[in-house]
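Enquirer: Sequence:
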Amino acid sequence: MASEKTQPPASLEEPPGREPTVKDYIRVFTYATKWDLVVYVVASVASIGAGTTLPLMNIIFGQLVGQFTDYFQDPPPITRHEFEKLLDKQALYIMALFFGRFGLNYINKFCFRMIGIRLSSAVRLHYLECVLGQPIQVLDSMPPGAAASTITGTANVLQISISEKLGIFMEFNGTIWTAIIVAFT
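Residue numbers (my numbering): 118 to 302.
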């Protein structure tokens, strides 16, 4: 009995299969048409543009604080009228950044959601074609609802990852790179 090896419980065993790679993620985009890829480029540029607005807001706000500090020195280097003109100009910059960010985020969310829906429907169609191309014996051996639940779960995860996560990833990359550029210039 001492020579027998104990088996770990089934719940602790590693699930069979292989580790996903970046190639698997890129393979999802093979279902995209050329127009889908064009929309991806537009959405990516809009995401990166929306991300760049946050560090630019810091620059404008810093200039605004500097102008307040300069004006309230004794004696002020500029007149009240010049100070108000500078404040109006900075307020317009902040509003322009707000509207720019709003518009770019709208474009990026719309495009990524549209493409997410299109890609997930293309994956569903391909899966359905493959399942229905199997011999009847294979379909009869599957548990009831297994194919439907598999494709629904997979397509929903795919749609969410493309519709939301990819755009957020691109936007935050734009924010980080712009912040680094602003910080060191």
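Simulated from the structure, these hints should not be mistaken for laboratory data.
Among these hints, one or two may not hold up.
Said to hold, decoys possible - Label-pair ranges, simulated between beta-carbon atoms: (1) Ile277 - Pro194: 53 to 59 Å; (2) Pro194 - Phe219: 50 to 56 Å; (3) Val182 - Thr267: 31 to 37 Å.
As the list claims (entries may be wrong) - Under the rule of at most 20 Å between Cα atoms (straight-line distance), these lysine to aspartate or glutamate pairs were calculated in the EDC-like manner: (4) Lys282 - Asp191; (5) Lys226 - Glu136; (6) Lys206 - Asp191; (7) Lys226 - Asp141; (8) Lys282 - Asp187; (9) Lys206 - Asp187.
Beta carbons are placed, not taken as given, at the ideal position from N, Cα and C, and that holds for glycine.
Enquirer: State for each hint whether it applies.
Expert: Evaluation of the provided hints:
| no. | hint | in the structure |
| --- | --- | --- |
| 1 | Ile277 - Pro194: 53 to 59 Å | 55 Å, holds |
| 2 | Pro194 - Phe219: 50 to 56 Å | 35 Å, violated |
| 3 | Val182 - Thr267: 31 to 37 Å | 56 Å, violated |
| 4 | Lys282 - Asp191 | 52 Å, violated |
| 5 | Lys226 - Glu136 | 30 Å, violated |
| 6 | Lys206 - Asp191 | 23 Å, violated |
| 7 | Lys226 - Asp141 | 24 Å, violated |
| 8 | Lys282 - Asp187 | 43 Å, violated |
| 9 | Lys206 - Asp187 | 16 Å, holds |
Hints 2, 3, 4, 5, 6, 7 and 8, counting from the list given before, are not met by this structure.
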